[in-house]
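As a plain string of letters, each chain reads:
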Amino acid sequence: MGEGKNLNKDNSLDTKARLKIKRHEMASQPPEERKRNFKEVPYGYSPEEAIEEAKRCIQCKSEVPECVKGCPVNIDILGFINLIEKGDFLAAAKKIKETNSLPAICGRVCPQEDQCEKLCVIGRRKDTPSVAIGNLERFVADYEAKYGNTRITVKADKGKKVAVIGGGPAGLTVAGDLCKMGYSVSIFEALHEIGGVLMYGIPEFRLPKEILSRELKVLEDMGVEIFTNAVIGKTFTVDELLEKKGYSAVFIGTGAGTPKFLNIPGEELNGVYSANEFLTRVNLMRAYNKSEYDTPMKCGKTLVVFGAGNTAMDAVRTGLRLGYEDARIFYRRSRKEMTARLEEVHHAEEEGIKFEFLINPVRFIGDENQNVTAVECQRMELGEPDESGRRRPIPIKGSEFITNIEAAVIAIGTNANPIVPNSTPGMDLNKWRYIVADENTGRTTKKGVFAGGDIVTGAATVILAMGAGKKAAVSIDKYLETGIW
Amino acid sequence: MYEIVGRKSMGEGINLYNILAPDIASKALPGQFIILRVYGKGERIPITIAKTDKNDGTVTILVQTLGKTTHMLSELNVGDSLADVVGPLGVPTEIIKFGTVVCIGGGFGIAAIYPIAKALKESGNKVISIIGARSKNLLLMEDEMRAVSTELLVATNDGSYGTKGIVTDVLKELIGDKKEPIDRVIAIGPVIMMKAVSDLTRDKSIKTIVSLNPIMIDGTGMCGACRVLVDKKTKFACVDGPDFDGHKVDFDNLMNRLKFYKEEEKASYECHTKEHHQS
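Note that the protein sequences, when read in sequence, are chains W and S. Its first residue numbered 345, the first sequence is counted upward by one per residue in my numbering. Its first residue numbered 151, the second sequence is counted upward by one per residue in my numbering.
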């Protein structure tokens, strides 16, 4: 690389030299091998690769760099990449952790191509792909876990307790941030393990449980108190937390959490699963490790997943790994309208997942034991754009066809879970029964109660829930400091 | 951890456990259930609450040994703990003054109908209870049921006690005998029994409530494994139920859904008992 030629006065690489470096993709398990195991797909960068990739960042001079504008939690992206380039990986990790307490997770599950990497200045040029910000974030988080010792100790000196309902991305973020500010924080989790969608939804091959546990341990070490098996609305109510349990504020981050079904005949058949059930069995209940765990899981020849978001990708790739020979995506719109992360679609295709577009199921067909044996679908064509701005799929008459299957997974989204909203008087809900909360502060219409993540917005992403959690933490602090609602 | 502070054998593979879970004990209402895990790698199983004691913070459940999980539970003694207990889940049974209510408990369902009968009686209802079992020695909680019922009727399949036959035989007689109007029937027991009861009361237009116990995972409306067809619509037993209008439930679908993992459950149980005998 033309030493001495393409250097700035301070001996750093100049922009021209930086633009010449090719984007480094992470080495991965070969598709043929990984499609039959649950181990993580990419291996991650080596330190050398990370430094080389970091060199691609041209260190934009603007006050708020473009990439940061795309980050829901405002990570100092420029800052941490600069530290990677200098080889100071632990300092880079510390830099990220100033604003994001779960970098190993975000580096793996954020849709970077729609956020930081979408706005990256060099990515907007014709021939240079964006800096691999997500891969770099993942690298430093993993490096720190291996070699660092950044046990964060905090003093709970504010003398006030905050209850966080739901141990998913939003709740974990609120808990971490408030803990650092000096509040005593308790997380109330309905399941037997915390993590929310990170635990029950996102599979091992995309987010290993070990990494999740590591990030959760950091919170516990900080002093966050965790109550599992606590269903708020059943075991305790929000009012009890505020009035009897001594909490000064409550944050609700329970997720959207109730699966939508297609409402077509035969949906009640055995072998038709919601994506939540299918993934919960495999992830939270560890059916992927059947030699050790008791959770039963069926297998067969053909599995069809309906939907084309991240959850659909997780389900179909999980199906393949469970042993289904033929795992497919059926989607009623076209490839262009798919909402999954690009990397997931790419990985799925590499693994041999078949994608079939413009197909809508009309009924499931079962045998005498009411086990599903086939699905009847119709072909669709795209019409005028609908309220989501995407072209509306319209059925083509006479295009019905039958596909033999042993399992179907419905991954078409979620509705609001009713338990907390129904047990919390004085808190307004919108017409879809999601909680009404201020976008900037997370304040609900009930004093002392904040909310964020999917239970406010409807199903979105991990990082958006974390962003909502960050804002809520700031406004909870403000409320508790001033007492003004 | 949730300590077992009391346990009693109720005969033929049925055990009663008192579990220390003060938060649940202080909240549970009749008709609600818990989900438990025996150990860290086990399944989550839903079990209806039979009794609670707010003073000592215990929840009482009755469990029949049917597979690996319940077998492992049966091996636990006082002083041992369960990995997880969560609840109280589900919508409580509607308890108001209806007038005359018939409470039916079949076999194992007697444990689940007990707190409901008790609450209905305390709310001023005339409670006629019908309980049934295969044989006299398998009849659960007879004394308790008698104490909370205005009238207690018993049926055993073999005729060793009470009426020879099944609970629906007794109900049939009760309905036929038009001495007094019946305002509501609540039936808990095997699916086949709840179906038979519902079929019987449908013709007479007696509102009938059944408590469904499908396969469940989270119990909080998140997974949809427990969905049942009620009035041809999908409902989640965990958050919409477990109580439903028996005249609208698709019992055949429920029976088939309950069978889905039978083979796996059998294999897992066999494997477990084999290992168990070797060790």
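Treat the hints loosely; a few may be bogus.
In silico BS3-like cross-links for lysine-lysine, where the CA-CA straight-line distance does not exceed 25 Å [unchecked claim]:
id, chain 1, residue 1, chain 2, residue 2
1, W, Lys645, S, Lys204
2, S, Lys398, W, Lys634
3, W, Lys604, W, Lys561
4, W, Lys645, S, Lys247
5, W, Lys462, W, Lys399
6, S, Lys177, W, Lys561
7, S, Lys382, W, Lys634
8, S, Lys409, W, Lys775
9, W, Lys588, S, Lys409
10, W, Lys379, W, Lys505
11, W, Lys604, S, Lys191
12, S, Lys382, S, Lys268
13, S, Lys204, W, Lys642
14, W, Lys642, S, Lys191
15, S, Lys177, W, Lys634
16, S, Lys398, S, Lys416
17, W, Lys604, S, Lys383
18, S, Lys382, W, Lys383
19, W, Lys642, S, Lys424
20, W, Lys588, S, Lys322
21, S, Lys383, S, Lys398
22, S, Lys383, W, Lys589
23, S, Lys345, S, Lys357
24, W, Lys604, S, Lys382
25, S, Lys357, W, Lys604
26, S, Lys158, S, Lys247
27, W, Lys642, S, Lys385
28, S, Lys204, W, Lys775
29, W, Lys604, S, Lys409
30, W, Lys645, S, Lys416
31, S, Lys191, W, Lys634
32, S, Lys177, W, Lys505
33, W, Lys634, S, Lys345
34, W, Lys504, W, Lys561
35, W, Lys499, W, Lys438
36, W, Lys791, W, Lys379
Here are the in silico distance ranges between beta carbons for each label pair [claimed, not checked]:
id, chain 1, residue 1, chain 2, residue 2, range
37, W, Ser390, S, Leu179, 54 to 64 Å
38, W, Glu392, S, Met151, 45 to 55 Å
39, S, Met151, W, Ala371, 53 to 63 Å
Please keep in mind that the hints were generated in silico from the structure rather than gathered at the bench. Glycine included, each C-beta is placed from N, C-alpha and C at the ideal position.
Evaluated hints:
1. W:Lys645 x S:Lys204: Since the Cα atoms of Lys645 of chain W and Lys204 of chain S sit roughly 52 Å apart, the hinted pair is violated (cutoff 25 Å).
2. S:Lys398 x W:Lys634: 38 Å, violated
3. W:Lys604 x W:Lys561: At roughly 33 Å apart (the allowed maximum being 25 Å), Lys561 of chain W and Lys604 of chain W break the hint.
4. W:Lys645 x S:Lys247: With Cα atoms ~54 Å apart, Lys645 of chain W and Lys247 of chain S exceed 25 Å; violated.
5. W:Lys462 x W:Lys399: 18 Å, holds
6. S:Lys177 x W:Lys561: 31 Å, violated
7. S:Lys382 x W:Lys634: 35 Å, violated
8. S:Lys409 x W:Lys775: Violated, at roughly 38 Å.
9. W:Lys588 x S:Lys409: 44 Å, violated
10. W:Lys379 x W:Lys505: 46 Å, violated
11. W:Lys604 x S:Lys191: Violated, at about 29 Å.
12. S:Lys382 x S:Lys268: 32 Å, violated
13. S:Lys204 x W:Lys642: Violated: Lys204 of chain S and Lys642 of chain W sit about 42 Å apart, past 25 Å.
14. W:Lys642 x S:Lys191: Cα-Cα ~18 Å, so holds.
15. S:Lys177 x W:Lys634: This hinted pair is violated, its Cα atoms lying about 36 Å apart.
16. S:Lys398 x S:Lys416: 31 Å, violated
17. W:Lys604 x S:Lys383: 13 Å, holds
18. S:Lys382 x W:Lys383: 41 Å, violated
19. W:Lys642 x S:Lys424: 23 Å, holds
20. W:Lys588 x S:Lys322: Judged against 25 Å, a Cα distance of about 50 Å means the pair is violated.
21. S:Lys383 x S:Lys398: 10 Å, holds
22. S:Lys383 x W:Lys589: 39 Å, violated
23. S:Lys345 x S:Lys357: 13 Å, holds
24. W:Lys604 x S:Lys382: 16 Å, holds
25. S:Lys357 x W:Lys604: 30 Å, violated
26. S:Lys158 x S:Lys247: 34 Å, violated
27. W:Lys642 x S:Lys385: Given pair Lys642 of chain W, Lys385 of chain S holds - Cα atoms ~23 Å apart, limit 25 Å.
28. S:Lys204 x W:Lys775: 38 Å, violated
29. W:Lys604 x S:Lys409: 24 Å, holds
30. W:Lys645 x S:Lys416: 23 Å, holds
31. S:Lys191 x W:Lys634: Answer holds: Lys191 of chain S to Lys634 of chain W is near 10 Å, not above 25 Å.
32. S:Lys177 x W:Lys505: 23 Å, holds
33. W:Lys634 x S:Lys345: Between Lys634 of chain W and Lys345 of chain S the Cα gap is close to 35 Å, so the pair fails against 25 Å, i.e. violated.
34. W:Lys504 x W:Lys561: Cα-Cα ~22 Å, so holds.
35. W:Lys499 x W:Lys438: 19 Å, holds
36. W:Lys791 x W:Lys379: 50 Å, violated
37. W:Ser390 x S:Leu179: 54 to 64 Å: Taking Cβ atoms as reference, Ser390 of chain W and Leu179 of chain S lie about 59 Å apart, which means the hint holds.
38. W:Glu392 x S:Met151: 45 to 55 Å: Given range 45 to 55 Å: holds, Cβ gap about 48 Å.
39. S:Met151 x W:Ala371: 53 to 63 Å: With Cβ atoms ~43 Å apart, the hint is violated.
In summary, the numbered hints that this structure violates are 1, 2, 3, 4, 6, 7, 8, 9, 10, 11, 12, 13, 15, 16, 18, 20, 22, 25, 26, 28, 33, 36 and 39.
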